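Q: On the provided structure of chain W, position chain B as indicated by the hints.
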Amino acid sequence: MNLKLHVWRQKNANSPGRMVTYEAKNISPDMSFLEMLDVVNEDLIHRGEEPIAFDHDCREGICGTCSLVINGIPHGGFRATTACQIHMRKFKDGDEIYIEPWRVGPFPIVRDLMVDRSAFDRIIQAGGYISENTGGAPDGNAIPIPKEKQETAMDAAACIGCGACAAACKNGSAMLFVAAKVSHLANLPQGQPERFRRVLRMVERHDLEGFGSCTNQSECEAVCPKEISVKFIAQLNRDYLRASLMSARDAE
Amino acid sequence: MSEIKLDSKVPSGPLAEKWDRHRFEMKLVNPANKRKYHVLVVGTGLAGASAAATLAELGYTVETFCYQDSPRRAHSIAAQGGINAAKNYQNDGDSIYRLFYDTIKGGDFRAREANVYRLAQISVNIIDQCVAQGVPFAREYGGQLANRSFGGAQVSRTFYCRGQTGQQLLLGAYQAMCRQIELGKIKPHTRTELLDIVIIDGQARGIVCRNLVSGEIRSYVGDAVVLATGGYSNVFFLSTNAIPCNVTATFRAYKRGALFANPCFTQIHPTCIPVSGDHQSKLTLMSESLRNDGRVWVPKKKGDTRHPNSIPEDERDYFLERKYPSFGNLAPRDISSRSAKEVCDEGRGVGPGGRGVYLDFADAIRRDGKAKIRERYENLFEMYERITGENAYEQPMRIYPAPHYTMGGLWVDYNLMSNIPGLFVLGEANFSDHGANRLGASALMQGLADGNFILPYTIGDYFASGKKLGQGNRPPLDHPEFRRVEAEVTDRIKRLIACKGKRTPTEIHREVGRMMWDYCGMSRSEAGLKHVLQKLPEYRESFWRDVHVPGTGEELNISLERAGRVLDFIEFAELMALDALTRNESCGGHFREEYQFTEEEAKADPTGKTIKGEAKRDDENYCHVAAWEYRGPGETPVLHKEPLVFTEVKPTLRSYK
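Read top to bottom, the protein sequences are chains W and B. If you read the first sequence in the numbering used here, its first letter stands for residue 19, the second for the next number, and so on. If you read the second sequence in the numbering used here, its first letter stands for residue 389, the second for the next number, and so on.
With the rest of the complex left out, here is chain B:
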């Protein structure tokens, strides 16, 4: 726990040449030697599956781990909208530089420039790769790939497979993985959950897992550990993530010394189906692509309970079009979400509890015909009807923002390696590319970029740099450190099983999640965050008294699984709130009520781009990555700052007006 120096390892040279230069400078592993290196890949979503397949193709020996019953079910599958790439197939002025600029601006200038540029560069290779794998992207009649525009972009650069892009991309990566399994290069472990990470002589050397069917605790040893375990939106209990999605892997790594970066950067997606009651177990996202044709509005009058179809045009407030004329309904996620909250806070929300806004397709249906709209969004309209019982062809949909994605994650350098040598972090689990807000159709892009095109190079450099790795150098599984971590994991399970309180893990999760949503969700204040920081340690204590976990640890036990995940969420929430409290600015998805533009500031801006109530960034004091170091139970984590240096772009006011 001594001095940690954050070295981003961004290569020197002009931005556009950094990645090429770095690829040349990295050391290579001789093809005949690759099989001697053993990689443990945890998580089999887009990032994990593509990494596992590509590493195995290169010749490395790979083991994969997922809690689902098959790698194909990882939550990347639920992404609907699409994947961005700077192909400029539409000839509408797109370029690598524009995708880079849009992404860095969309992230409110809180991402690392070199990483984002590399992501934009790689985006074009990803599409080629996916097409070659047989991903059935939408096509035009001439046989060329089709594109659509997507939240936060003014060019059409999004590739899609109906409303099932994530599913098709994941199946592509899964199938590539299956091929390597058949070839004996990948050994898959399903229904297996990572519960801890083993570090020996300062290097990540293994993991400790629980077999979810038999309950067996087992260690696995490797030369590198790759975490591709997704995000932590379920800290809010209700989110669009699958219910079992959890923070355990990244949080355990944090407790073993990996730095956690920007945990307060969470994304609230504007187009979700509103909450219908206390029984709600999760929220459902409606693809953002709906905003291409749907118009967002609320009644001008407070508490207007008329049927939406009987509210005349001049009594409707199309608030996104009004506030952001050039982006309109396609304004970025953070801005659209906050605007929706604002009008609901004013008492103009619609539907049960007044927590909803309309997304209206009447104009689009008049313009393009019902058949065209059906062709574009049929599955989404069906899904909406199934959940709400309402027909969106006949009346507007009701939507409300919901937690959806987390930009924060484990700190990684340009090589996607955490500060623990040998511990690599990919996809949503790392913090690197989206800054304080992610643009639509960028998550799939990042997952595949990390797994297909970045890690396979950088991991070789790590292996070749001669740190006593590879066959013959791996510690045995009975190494004292493996034994020690196994014992800790086993002990924690025993303690959870011994808990015979009165509450279920889900009840506690719901309560803590709601508190996090109220005080550390779409908007945050100093007082609210302090309140949370006072309550969370109480929850952490009382959890052990209150929770009830039936059954034993030596069998399939869904309560035990949930209890462990909830406990990690409670501890993690403290870190998140602390980060939010420490970041005294508003940027992207992190909105601090104290830091917004006043009416006077808006009036004083001669360009007219400043809007009252918009996020007010503080580049002088907060243009950095906040990376937190764990210092032991009950201790305040230590903040390390990685300054963000912009050489190509100048951080400006993020205006979408």
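Looking at chain W on its own, in the form it has when it is part of the complex:
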């Protein structure tokens, strides 16, 4: 099939960007979306032009690197699917496709479709862990964890940190990302000692990075390739409220 692509091109963080139109020719329905872009890029190099820079790594939907807004929706709007997992059989001959980077203030554009998501790393650095040095751990079975609790923790832990939640939010809020890590650890006995300090610190860092506030529109859940539920934002809110009402010393 043949497609018309409108792609955001931007040389670097400091130069202005614009949409540029390309033809994608002889695209097979078995190709992945990124393989379709590979084909376009090979063609561009042959013509002596610079290829379209986009982030990708595992191409299996697990590393969270790919980050394309396709036709206005982060990851393209296919249920539980990252951009790298979309196959061209979802499109038809003659389709026009608009491809843009994540557009959120705290994710500055690096080049073309690549953005800088180090703000997410800094949110985790603020407290998205259990302070446990290597070596002192008790036997893995010493603390039984109810299966339901573990399953809930795993549901939250499945977050791949791609940033689609923030990209989809009209407020540019990354609360689903924060909630996923807070809930993952808050549902496990190991996560209890730092539970309230963690939620305060992570939310504080989230705000400091410039992400907006959550107004419960659930756009994030709709685009999340791992189907992280907004119920985790509810859990975050409960923990945050409790932590805020505690005396500073108790929360710390």
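In short, the hints are calculated from the structure, not lab data. There are no misleading hints in this set.
Here are the computed lysine-lysine pairs in the DSBU-like style, where the Cα-Cα straight-line distance is at most 30 Å: (1) W/Lys249 to W/Lys165; (2) W/Lys167 to B/Lys758; (3) W/Lys165 to B/Lys760; (4) W/Lys43 to B/Lys890; (5) B/Lys393 to B/Lys1029; (6) B/Lys882 to W/Lys29; (7) B/Lys890 to B/Lys643; (8) W/Lys22 to B/Lys888; (9) W/Lys29 to B/Lys890; (10) W/Lys29 to B/Lys575.
Since we're looking at a predicted model, the values are computed, not measured.
A: Showing chain B alone in chain W's frame:
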């Protein structure tokens, strides 16, 4: 480049006591002095991230480097199945000794005994550590950790987090790293690619990197360099590795004098989604855990094009169950992969191009119900449907082997140090624990063992052994050797940018990779390898004429990144083919067509364990590690052999019948 003597530094004493004894004998660094030592950790997968976090916890000053935009995206994340540990929680007869034995046998007796035993010992600590970090391993209703059996093992010792074990373990290690970043003990560098290693007075003292965003070439100095940069499966172009995974770090170290061991030991994973066309950029692995419930078969008749569901039971060949009755569909990876290739070579393969076999869940669904199968494998079935458009609940999956892991890597001693003092190598990047074939769920185990529990001890011994290291002894960044290596790196980039040929780096990579897959992949022959060894130097030459790299070196330039990696792969491929040609035996993932059991040999074996066409090892002549020394451009590398001595186990025929 003088005489290199390979000293494995395996401690003396009984196998089970070696590691304890060694830990006692190693020198310690005073806690107050640890911060004076500066470690450069390259790669932030399981091995690198766990090493960085643990070293920082101990008090060392650490800098980490990764080409990804975040340490959390390293390719360990893609491991699906699980991680082994000899916990014997299932009371099914597992033990440290059994995990050790399975691993050394699985590696076809080409791994170092003491290393493998230590790995099995440490495995139990890893699970405890991960649980403490909050890794949400699967649990039973009673709250205890759940286990499953996994390719090549007859006990249930694999711990897992749905189909996302690698992701959860990596996030655990990444989070431990993040904590140390916040504490100021680790300085992370992302979108930064190592392009060379700096050796001063015989010691690894630094690295030269390119900032992938700005293009800046910059040196970093330390008291030790730790490479945890993964494997080289992408030498085949198509593999299950992420596309940017590369051999550059380990190959550059090799060119600076580190020995490269067993490069021909590559693993071909049996359960991948078959290639669908020339556009294919990478292959996707389906977790091997599927083989617990799926049955592998092909039609008995050649060229049978009927829909799989309409092929009656008695016209199907469940070839793994037929050939290996006691292991059946769980036979180790090398053996399962080769069997699949065999039936496809016979013309009985299925799907486009006849390069595929069925993995059928119909029996399991009848036995356990669709709901149970969905619970176990839902994400895998979804992934399969997304890629192929086929519903595996209704019809069998199609699978075919694909390059997945490389057992070979830089040579290291028992301390995980290469022959260059101060250059440590962890995880898939080293050669040490898996011999000629890795068992499922062992890569995650090795990565964390190396990073959490081995390097943190052995690096201290290196620092404490008084070799002019630590604060005040580090060479300045304007040391002539740093300047020289920087100049070489810059020059190479300039030359690549100047290339205005007609082909893209990807096109060249695809062509060379396909050749390597055909002649140095699942099976190898003398003639094929000689052909490859004749062609590769031509590619190495023509690359500079043919390749086209648009843009400049002073900006983010994906073509330039790729071109540099492909060039290293082409040069590295020569070493790999040479190693394969030199190893005149078949063992594990290295299958030489000339060395297989004949029908007569199979008939002559009274135990019935010898099977026609199986790999024929040659313990008399090849029970060694082949470690290659670089001797300059165009020169034939020199082979050094480290004999493998087995004191506990006796190398036997590796039978899974």
